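Protein chains: 2
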Amino acid sequence: MTKKEHILIIGAGLCGSLLALRLTQLGYQVTLTEKRADLRKAKLAAGRSINLALSNRGLKGLKLVGLEKEVESLCIPMYGRMLHNLEGESQLSKYSGRDGEYINSISRTGLNALLLDKLETYPNVEIKFEDTCTHVNLKQASASFKPVASNPPESSSRAGSEYIIQADYIIGTDGAGSMVRKQMEHEQGFLFSHSQDFLTHGYKELTFPATKNGGYASEKGALHIWPRGENMLIALPNMDKSFTVTLFLAYEGGKYNFNNLTSKAIVEEYFKEVYPDAYKLMPQLKTEFFENPTAPLGTIRCSPWTYGKTLLMGDASHAIVPFYGQGMNASFEDVVEFDKALVESDFEFENAINLFSKHRKPDADAIADLALDNFHEMKSHTADEVFLAKRKLELDFENQFPKDYHSKYSLVTFREDLPYSKAIRQGRAQDLVIQEMLRKNILKPEMSLEEKLNLVREVSKKAEENELIFDL
Amino acid sequence: MTKKEHILIIGAGLCGSLLALRLTQLGYQVTLTEKRADLRKAKLAAGRSINLALSNRGLKGLKLVGLEKEVESLCIPMYGRMLHNLEGESQLSKYSGRDGEYINSISRTGLNALLLDKLETYPNVEIKFEDTCTHVNLKQASASFKPVASNPPESSSRAGSEYIIQADYIIGTDGAGSMVRKQMEHEQGFLFSHSQDFLTHGYKELTFPATKNGGYASEKGALHIWPRGENMLIALPNMDKSFTVTLFLAYEGGKYNFNNLTSKAIVEEYFKEVYPDAYKLMPQLKTEFFENPTAPLGTIRCSPWTYGKTLLMGDASHAIVPFYGQGMNASFEDVVEFDKALVESDFEFENAINLFSKHRKPDADAIADLALDNFHEMKSHTADEVFLAKRKLELDFENQFPKDYHSKYSLVTFREDLPYSKAIRQGRAQDLVIQEMLRKNILKPEMSLEEKLNLVREVSKKAEENELIFDL
Chain A
1 MTKKEHILII
11 GAGLCGSLLA
21 LRLTQLGYQV
31 TLTEKRADLR
41 KAKLAAGRSI
51 NLALSNRGLK
61 GLKLVGLEKE
71 VESLCIPMYG
81 RMLHNLEGES
91 QLSKYSGRDG
101 EYINSISRTG
111 LNALLLDKLE
121 TYPNVEIKFE
131 DTCTHVNLKQ
141 ASASFKPVAS
151 NPPESSSRAG
161 SEYIIQADYI
171 IGTDGAGSMV
181 RKQMEHEQGF
191 LFSHSQDFLT
201 HGYKELTFPA
211 TKNGGYASEK
221 GALHIWPRGE
231 NMLIALPNMD
241 KSFTVTLFLA
251 YEGGKYNFNN
261 LTSKAIVEEY
271 FKEVYPDAYK
281 LMPQLKTEFF
291 ENPTAPLGTI
301 RCSPWTYGKT
311 LLMGDASHAI
321 VPFYGQGMNA
331 SFEDVVEFDK
341 ALVESDFEFE
351 NAINLFSKHR
361 KPDADAIADL
371 ALDNFHEMKS
381 HTADEVFLAK
391 RKLELDFENQ
401 FPKDYHSKYS
411 LVTFREDLPY
421 SKAIRQGRAQ
431 DLVIQEMLRK
441 NILKPEMSLE
451 EKLNLVREVS
461 KKAEENELIF
471 DL
Chain B
1 MTKKEHILII
11 GAGLCGSLLA
21 LRLTQLGYQV
31 TLTEKRADLR
41 KAKLAAGRSI
51 NLALSNRGLK
61 GLKLVGLEKE
71 VESLCIPMYG
81 RMLHNLEGES
91 QLSKYSGRDG
101 EYINSISRTG
111 LNALLLDKLE
121 TYPNVEIKFE
131 DTCTHVNLKQ
141 ASASFKPVAS
151 NPPESSSRAG
161 SEYIIQADYI
171 IGTDGAGSMV
181 RKQMEHEQGF
191 LFSHSQDFLT
201 HGYKELTFPA
211 TKNGGYASEK
221 GALHIWPRGE
231 NMLIALPNMD
241 KSFTVTLFLA
251 YEGGKYNFNN
261 LTSKAIVEEY
271 FKEVYPDAYK
281 LMPQLKTEFF
291 ENPTAPLGTI
301 RCSPWTYGKT
311 LLMGDASHAI
321 VPFYGQGMNA
331 SFEDVVEFDK
341 ALVESDFEFE
351 NAINLFSKHR
361 KPDADAIADL
371 ALDNFHEMKS
381 HTADEVFLAK
391 RKLELDFENQ
401 FPKDYHSKYS
411 LVTFREDLPY
421 SKAIRQGRAQ
431 DLVIQEMLRK
441 NILKPEMSLE
451 EKLNLVREVS
461 KKAEENELIF
471 DL
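Protein chains in written order, with the UniProt record's numbering: chain A, 1 to 472; chain B, 1 to 472.
All the given hints hold, so there is nothing to weed out.
Pairs count within a copy or across copies, as identical chains cannot be separated in the list.
Only pairs whose alpha carbons sit at most 30 Å apart, straight line, appear in this in silico DSSO-like list of lysine-lysine: (1) LYS286 <-> LYS272; (2) LYS358 <-> LYS255; (3) LYS139 <-> LYS255; (4) LYS182 <-> LYS204; (5) LYS462 <-> LYS452; (6) LYS255 <-> LYS309; (7) LYS255 <-> LYS361.
None of these hints come from the bench; they were simulated from the model. As the structure is a prediction and not an experimental result, all values here were calculated from the model.
Extracted from the complex, chain A is given alone in its bound form (with noise of 0.2 Å):
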């Protein structure tokens, strides 16, 4: 099943790699570019970069390549939120009422070195890292790019030596920030629709550090949360016993924001008043919070993916903000709907990437206003009670009618089966449903459990389908 063409792929981030071991799989000659030195070269600081949520739709990728024994060692699994609130006190909220539903902590580097490692096992790739692309045409498939230096360009003899690719089709990996992305702005004559919208937050990421014994300063097995209204603080486990720790904080407004967090003394009072219980696990905090960067947080859309012989994919076409635990999934999953897409065009590649793309699209966008949604959720999270009773109830169906119900969250996340804009829709109509019924004392406590299943599950499917419902 050798495949005659040249993909090259721009971009050696999770999606760009993952796409290329399929692709290279399937018999196509594969070039893979990354601006970026190998992260494999700078080990020692692996396992206290960034982790990532992964979850079914992510795992579902890995699969597809024959990576999902290999992975599982580089997983800790999450099988539930466990809130903080302000007097130290804990709370588990768990994802699901299934037993063996849980999300995974993955060290976005661990995870990155797995892929080219197995991709290098290939003859049919080769991997160019520290070349930038500068240019490309988008109708021609062909790129130029510059050899970067790691070093000081004066001092590396690779700097300067510009060169061209000449491919078939270039799909572009290069992350929210494309350059492919953005030479299709530019492109004359082509109406492209595109958009970048940053929240007023933004975010920073901090360090739980392994205790003096050698364990972990928290629950392992969850994703932590502590949510303060308009500001939160999350930590995920990483496999040397640390969590990464992110804060998400408004830019301005408020007692406290990142434009007025400028010194030791406001950071050390802004914690202990907001995060008092996770200020006692952050013995580092002072310096690590002038020395690690601010980042924003952005949603980019962009319609059509495609001009040309060149496809956007991954983040290059739809980033989304963090708070469904969905990016890299989401990746992930476009290399398996590009798979599926081939397998249905019969391999024609053109073919393959303009069904991809407008198959695709809809999904992309529908995790991306769920992230976005989720947002306000995550950080309020209060004690509200009819969100406290539907959470019971959704846990109590999963549990008790394990194949009849799955809330919102497992079916964007546990339920890989279903494209992601089925599944909001589907979720977020039993919400509302749900939340409405328990307002108005519609499900009775003399109702049995499977009795409220039904009525929620009628209910619910007339209102995702009519999107509203309105009786007077």
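Dock chain B against the given chain A, drawing on the hints supplied.
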């Protein structure tokens, strides 16, 4: 009330000209630049140029600068939509059940010339035509300009002499393709959210010339629509007894589209088949169709509208599609709102800029969404019973209870005292409620019109507050 600040306004279209006039009247030192030639020096073409719908929000802007009387002689009142079906039958659907509520067809060039003529009567303004802005320093309020030659550059003595204008503040009113906005997109270290969305339809302008007897080829006092499902034709009257006709058609798909209407024979076939009555009124069709450009339909959004000492206004910050006839009206209302912001800020210009941007953005977003929604309604405009019954009921309400009821169209178009966001929220709630009541037969024949009105108002108010009415 002399204001010392020097305000540079880039773009002398409708919004820029009105803004310049208002700021000049307030005593600011104003420089207004425009890359195109002075449109008053090509007056021959004026009567035939694109026309626009001017309604109450736009008139409010003209009143602010004292031109409400002068503009009357340029206006042709349109009292409703004249719908034309395939059989050549037509039917007027009035815009309002109240007397004296209508919109106006007006020549873009004529209106712009009126503003520029008035502007030139003031000593504290300088207008510079045919100078293209090449760069803006957003923080320093300085901009570089390059004179453009009307003739090919090599033959012009003006070309080449680049110069800089140093102002206190810059306002970019340079339209949907705004160069000032692009400068914001490229500004480093500034989180600028922005989007550009194209419809899959484009448009092309055509003409019904005056009849041989020197009269209008169709009813003068209406906006004509030939709704044909996916595509449509509209026509607005001009002072010279012609109509400017606009075809809205998809670029691809369907039997006919812009990409396949490539020969005179196919264009003739299309119009004869789909717009047979209009076809008879277009003797120049086969020439015009190929001479006139096909233009895209886009929506531009961004946030914030201001950075450093620079502000965006009008289409530069919120270009919308033309399907609610509100593009120019929204831009003129910007000037009214900015004037209010200046007063509220006690003429502290920087404060006014910030106040205006924050305050006005939700209204610009609301009208952008509504204009998109209305495309579907306009081109489908079927004989849907519920839709027609709703329209009839609303006209009756407006006619019998003129102070107590305003349809969505009236709220948006004739209630210039309400912000767009409020008008649209209320209008949408009413639409949903009336349609649902008609479908469910809640408005019984035995009810008086007043009883129906009271029920609609009561439930609409609830719907507006909750967004979702959900009674099980």
